[in-house]
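Enquirer: One letter stands for each residue in the lines below.
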Amino acid sequence: MSEGVEAVLYDGVSSRPIEARVSVREPNALVVEHGNERFTWPLEHTGLQWERTRDTLRISFGEFPRRVLIVRDPLFIRSFVLRMRYTGRQGVYDRLLGVARSGPVLFFLGVAVLLVASYVWLLPWAAEGVAMLMPRSVDQQLGAAAWGTMAPTLDEDTARSRTLQRFGDALQLSPDHPLTFHVVRDDQVNAFALPGGHIVVFTGILERMDRPEELAALLAHEGTHVQERHSTRMLMRQLASYVFLSLIIGDASAIAAVVAEHADNVRNLSYSRGLETDADRHGMERMHARGVDPEGMVGLLKLLQEEAVDLPAAMEFLSSHPLTEDRIAEAEDQAQRLGPVAAARPPLNTLFTALKQERP
Amino acid sequence: MELLTPQHRLAFKGKGGDLFAVLIVNWLLTMVTLGLYYPWAKVRRLKYSYEHTELDGHPFHFHGTGREMFIGFIKAVGLLVLLYGAFFGLAMLQEVWASVLGFLVLFGGLLLLLPLIIHGTYRYRMSRSSWRGIHFGYRGDRNELYRICLRDGLLTMVTLGIYGSWFTINLRNYVMSHVRWGSSQFAYKGDGLDFFLMNLKGYFLTLFTLGIYGFWWQKDLFHYYVDHLSWTFSDGRRLQFKGTATGGGFFGLIVTNVLLVIFTFGIGYAWAEVRTMRYILAHIAMVGDADLNNVAQTEQEHKGALAEELGDLMDIGIFL
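These protein sequences, in sequence, are chains S and U. Just so you know, the working numbering puts 168 at position 180 of the first sequence, and the rest follows in order with no gaps. Just so you know, the working numbering puts 562 at position 240 of the second sequence, and the rest follows in order with no gaps.
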């Protein structure tokens, strides 16, 4: 009479646990007996579901409210799971979990390597791909929105902006985005570009320039940021890694989140350094193509270096504008490589003198 | 003193290594699927917690499926995209009225969603939880919840947050008192003033003791949440919940957990989590004379996981 192993049955009607015995009988059915009752659950039935934890097997059967059987006999659980696996009812998940349980450390290391690899290579690649697929009008809208909030806080010299516009137009820097140039009264030795075409030059940097080639270099550098969509690409990369990190870390410890955030910042910084060198290089190519001596870039960089506050060497690694000898040396190298200018230089001198003279 | 001995005990039987394996596989699959696996991962994780939680040696069960969570997840993402889309779309117009309208749409929308999220999450989570084959259920009224949130939310704003204690407790009183397990019924009876005074005391003592009292404050909070909960059965008999945690206990738990997580660079998280669950559940007892064998199945199934996922995306701790 009492075949099989001990189990607890809940009938789904009342909370009373029922002591039962359970066994697997051929062909392929689960037999449950309690008191004088006995019923059979076909193992292939779609209404039969099972789940196991390390030492509990839970089998449920039928429509809501389902009858539930809890078995804790290790031998029964083993043979039941083997049988179900054999009949093909075990998914990828259980296999994966099985592997993870048998060698957690190795498995963890494997996953960690995968995570890092996809974070370092796959993710930026995919993000850039998406950024390049986005229409250029997105850049323009982003830039327009940023300019809209920024413009009221800047003291623009509209007369000089017009002159700078003519200077910039003569260079034909960005075939895909119309560039809008602004001269802003500010002593900072700096300039920046917004996505989609607004380029802002501070009077601080204008006043320290000696040659039109330096200004051409500056505009070519900033124009490259616009033309190559650096901001949008950067934004997509940051967005992607933010989403990725929050998915991976999810509800893990706050410490892991902080570590990841800092790692991410450092990575972004090194990326933006890459963008600066990129803008130097492409900018020089454009200058060269337009008949402007690319040596102007070297002059511009030297000028910036003189103005830069001396950073300790360790800080330079974290700086987005590495005004190091490296960048200058690279520009010098490239000027050599590009060789003498073939095309005729556009008339920049008068505009440059006008820009220098128009003092507020 | 027969009545004071605990009659029913909760326990957590999970192991750090096993939870770690579950989490690693979740991470892996979530990553490989670029996040689409997230709802399934969440279900795996919840199931692990439920199945290793036992009351009198009988495990709980979570019936939710990745599929229904995924549907909820997609809907929730869509809803949030819509709200944020409206916000940014209006902001793009660069008009003052549009910005104000966008702001109202976004924050008004999020605020109005809150009671809906609490209601929906409880309905979903309770109906998908069972013990001994009997499902839990939530029978609160959505409009009533709106009324409480609106009234107490306004009062909290007007009193610059002070009324927040009453808000928390009123919400908890309402929600927890509409949770059922089959034919039995839970009830929570807290008092806003008590809760406020306890937190006031906890705050200042923690400040004066440079944080040391924080562990005892934690104990007080735990006891406040547990001790006001009771469980009534259809024959009128009742179980009273009793917390047995101590400040020293919380101190040991939290300090070792923090060390555990730091010195393993976060890998020890699973073990810390298991230790927390073990401690918390081991210190909840149910005192009284009641027949747990005589509860009938009464609740229907509710499968919509939209609110659950929405709350998750908005990072709201729903479980009060």
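Warning: the hint list may mix true and false statements.
What the hints assert, rightly or not - Each pair of labels, with its calculated beta carbon distance range:
| # | chain 1 | residue 1 | chain 2 | residue 2 | range |
| --- | --- | --- | --- | --- | --- |
| 1 | S | P30 | U | A509 | 51 to 59 angstroms |
| 2 | S | D61 | U | V577 | 50 to 58 angstroms |
| 3 | U | I584 | S | K344 | 29 to 37 angstroms |
| 4 | U | F587 | S | R26 | 52 to 60 angstroms |
| 5 | S | V108 | U | W419 | 42 to 50 angstroms |
| 6 | S | S234 | U | A509 | 35 to 43 angstroms |
Stated by the list, open to error - To spell it out: a stretch of chain S is covered by chain U in this simulated footprint if at least three of its residues, at any positions, have a beta carbon under 8 angstroms from a beta carbon of chain U; those stretches are:
| # | stretch |
| --- | --- |
| 7 | 16 to 23 |
| 8 | 95 to 102 |
Since the hints were derived computationally from the structure, they do not count as laboratory data. Even for Gly, the Cβ is constructed at its ideal location relative to N, Cα and C.
Enquirer: Against this structure, judge whether each hint is valid.
Expert: The hints, checked one at a time:
1. Between P30 (chain S) and A509 (chain U) the beta carbons are some 43 angstroms apart, a value that contradicts the proposed interval 51 to 59 angstroms.
2. Evaluation of the 50 to 58 angstroms hint for D61 (chain S) and V577 (chain U) yields a failure: the beta carbon distance comes to about 40 angstroms.
3. Between I584 (chain U) and K344 (chain S) the C-beta distance comes to about 58 angstroms, which lies outside the given range of 29 to 37 angstroms.
4. Separation of F587 (chain U) from R26 (chain S) is about 55 angstroms and conforms to the stated range, judged on CB atoms against 52 to 60 angstroms.
5. For V108 (chain S) and W419 (chain U), the Cβ-Cβ distance of about 46 angstroms falls inside the hinted range of 42 to 50 angstroms, so the restraint holds.
6. Between S234 (chain S) and A509 (chain U) the C-beta distance comes to about 38 angstroms, which sits within the given range of 35 to 43 angstroms.
7. Only residues whose beta carbon comes within less than 8 angstroms of a beta carbon in chain U count, and the stretch 16 to 23 of chain S has 0; fewer than three means the coverage is violated.
8. Evaluation of the coverage hint for the stretch 95 to 102 of chain S: fulfilled, as 4 residues show C-beta separations to chain U shorter than 8 angstroms, against a requirement of three.
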